[in-house]
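Start counting the sequence shown at 1; every next residue gets the next number (this note's numbering).
Where hints are given, some of them may not hold.
[Unchecked claim] Distance ranges between label pairs, derived from CB positions:
| hint | residue 1 | residue 2 | range |
| --- | --- | --- | --- |
| 1 | Gln-38 | Gly-14 | 16 to 26 Å |
| 2 | Gln-12 | Thr-100 | 35 to 45 Å |
| 3 | Glu-87 | Ser-29 | 29 to 39 Å |
| 4 | Arg-44 | Ser-20 | 11 to 21 Å |
| 5 | Arg-44 | Gly-9 | 15 to 25 Å |
| 6 | Gly-14 | Lys-42 | 17 to 27 Å |
| 7 | Gly-7 | Lys-42 | 16 to 26 Å |
| 8 | Ser-83 | Asp-26 | 32 to 42 Å |
| 9 | Glu-45 | Asn-82 | 18 to 28 Å |
| 10 | Arg-18 | Glu-45 | 17 to 27 Å |
No lab work stands behind these hints, which were simulated from the structure alone. All residues carry an ideal CB built from backbone N, CA and C; glycine is no exception.
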Amino acid sequence: VQLQASGGGLVQSGGSLRLSCAASGDIVSIAAMGWYRQAPGKQRELVAVAISGGRANYADSVKGRFTISRDNAKNSVYLQMNSLKPEDTAVYYCNLVQFTREWWGQGTEVTVSS
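Use the sequences and the hints to build the structure in full.
In structure tokens:
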């Protein structure tokens, strides 16, 4: 399984970005797709995850600002990020869980200037 993420960039505080991640390869039954992020000097943390069946979970810090969505036909997941804050600056990683395994994308950098 390969994950290709895109959509990061530099944006001013209060702005918006949309991240995309497409999965390819041996896709059989995706249990969940989501986004994590890692800021400099910090541990990787969950941002949002879309679980098969329609449920989504968000980190408290992004609730009301970020929206995760999936396109099952395209094996893709998206993260719409609105009202961005400087503390959202991080490398964002796409994640896919299938059966008991998980895969990671290469990361896309998001920088929010104040």
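- Enumerate the violated hints, using their earlier numbering and listing them in ascending order. The structure breaks none of the hints.
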